[in-house]
Amino acid sequence: ILHRDLKPSNIFLTSAGDVRVGDFGTSKLLSHTAALAKTFVGTPYYISPEVISEKPYTWPADIWSMGCILYQLCALKVPFDAANITQLAQRICGSKIPVIPDWYSPELRELCQEMMSRKASERPNCDAIIDKTVIQEVVRGLLNEARKHEAPPKARHE
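Be aware that the sequence shown starts at 35, since it is given in this note's numbering, and climbs by one per residue.
Because the hints were derived from the structure by calculation, they are not lab data.
Be careful, since some hints might not be right.
[Claimed, not checked] SDA-like, lysine to any residue: derived pairs with alpha carbons at most 25 Å apart:
(1) 111 / 86
(2) 111 / 90
(3) 182 / 164
This structure is a prediction, so every number in the text was calculated from the model and none was measured.
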């Protein structure tokens with residue numbers, strides 16, 4: 035599924051601490067990896083250059099959006115801002131890709147840059163993102179934290 039409108043307000047945290055993506059109102063089911071979408075939808079701050087340029091697009095457009103969200107989480111501001119939609123589109127398609135603050139690890143900074151590559155073919159896929167050491171460390175930390183809150187196994191009486 036191509037979401038087409040990934041943004042912070044469409045990412046939810048459950049009471050159990052799980053992350054969920056919501057609002058699939060603009061999503062599109064792609065029948066295979068070669069399928070391309072050709073409609074302009076989404077929230078302007080997170081739209082990829084290929085969507086703005088009205089080129090066919092697929093999953094890398096959502097990776098761009100996730101890169102913008104990652105940038106915003108780290109920098110506490112959107113990666114591209116402008117007074118109007120035309121300027122915003124020009125900045126997304128042509129200005130320098132911003133770098134997250136240097137107090138974050140080089141690996142996380144590199145991942146954000148890769149996710150926001152202007153060339154869709156150069157963006158990592160989800161498997162490649164999950165395989166990144168920086169992501170694995172976060173996942174391990176979350177799993178360890180979850181295990182701390184699990185009930186201990188009950189003793190069996192025979």
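Evaluation of the provided hints:
1. 111 / 86: Measuring from Cα to Cα gives roughly 21 Å; hence the hint holds.
2. 111 / 90: Answer violated: residue 111 to residue 90 is near 28 Å, above 25 Å.
3. 182 / 164: With Cα atoms ~23 Å apart, residue 182 and residue 164 stay inside 25 Å; holds.
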